[in-house]
Amino acid sequence: QVQFVESGGGLVQSGGSLRLSCSASGSGSIFSGSMMGWYRQAFGKQRELVARIGPGGTTTYEGSVEGRFTISRDNAKNTAYLQMNSLKPEDTAVYYCNFPTFIRSWGQGTQVTVSS
Numbered sequence: 034q035v036q037f038v039e040s041g042g043g044l045v046q047s048g049g050s051l052r053l054s055c056s057a058s059g060s061g062s063i064f065s066g067s068m069m070g071w072y073r074q075a076f077g078k079q080r081e082l083v084a085r086i087g088p089g090g091t092t093t094y095e096g097s098v099e100g101r102f103t104i105s106r107d108n109a110k111n112t113a114y115l116q117m118n119s120l121k122p123e124d125t126a127v128y129y130c131n132f133p134t135f136i137r138s139w140g141q142g143t144q145v146t147v148s149s
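Residue numbers for the sequence shown follow my numbering, so the first one is 34 and each next one is one higher.
Keep in mind the hints are simulated off the structure, nothing from the lab.
Accuracy of the hints is not assured; some may be wrong.
As the list claims (entries may be wrong) - Have a look at the derived ranges for each label pair, beta carbon to beta carbon:
id : residue 1 : residue 2 : range
1  : Ser62     : Gln116    : 35 to 43 Å
2  : Ile136    : Asn108    : 16 to 24 Å
3  : Gly89     : Pro122    : 28 to 36 Å
4  : Gln74     : Glu99     : 15 to 23 Å
5  : Ser47     : Phe135    : 34 to 42 Å
6  : Lys121    : Ser62     : 20 to 28 Å
7  : Ser50     : Arg80     : 17 to 25 Å
8  : Leu44     : Gly66     : 20 to 28 Å
9  : Asp107    : Gly77     : 18 to 26 Å
10 : Gln36     : Gly66     : 25 to 33 Å
Glycine included, C-beta positions come from ideal geometry on N, C-alpha and C.
Let's have the full structure, built from the sequences with the hints guiding it.
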C-alpha cells in the first residue's frame, strides 16, 4: 500500500520560493519505474496536475507554472520534489503528489499560501 506524505508548504510573500517534498512510502521498486506528478487544488476548484516527471527524468509542466516550478526525483529515497520560485497569489492551493498513470490514495497534501 503506497502512502504519500507531502511536506514543505507554508506562507510566503509573492515572489518568494518554497520547496515541496513528497515521500512515497510502501512503493518499493514501483516508484523508480513510474511517472510522478505534483497536483494542486485551490479552494473551490478541481485538482489539477501542474508538473510530472517520467522514470528517466523527462518533465512536463502546466502552462501557468512553466519556467517557475521545477520537479525532480530521488529514486533512492522514493521522494519527489517541487521547487517553486516566483510564487504568485494564484499558486495558493493544497499541493499533492501521486502517480499520474495509476492514481493511488491521496495523501493529506501540504498547504501553500502566497500573499500579495
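Going through the hints against the structure:
no., hint, verdict
1, Ser62 with Gln116: 35 to 43 Å, "violated (26 Å)"
2, Ile136 with Asn108: 16 to 24 Å, "holds (20 Å)"
3, Gly89 with Pro122: 28 to 36 Å, "holds (34 Å)"
4, Gln74 with Glu99: 15 to 23 Å, "holds (19 Å)"
5, Ser47 with Phe135: 34 to 42 Å, "holds (36 Å)"
6, Lys121 with Ser62: 20 to 28 Å, "violated (37 Å)"
7, Ser50 with Arg80: 17 to 25 Å, "holds (23 Å)"
8, Leu44 with Gly66: 20 to 28 Å, "violated (36 Å)"
9, Asp107 with Gly77: 18 to 26 Å, "violated (34 Å)"
10, Gln36 with Gly66: 25 to 33 Å, "violated (18 Å)"
This entry does not satisfy hints 1, 6, 8, 9 and 10, going by the numbered hints stated previously.
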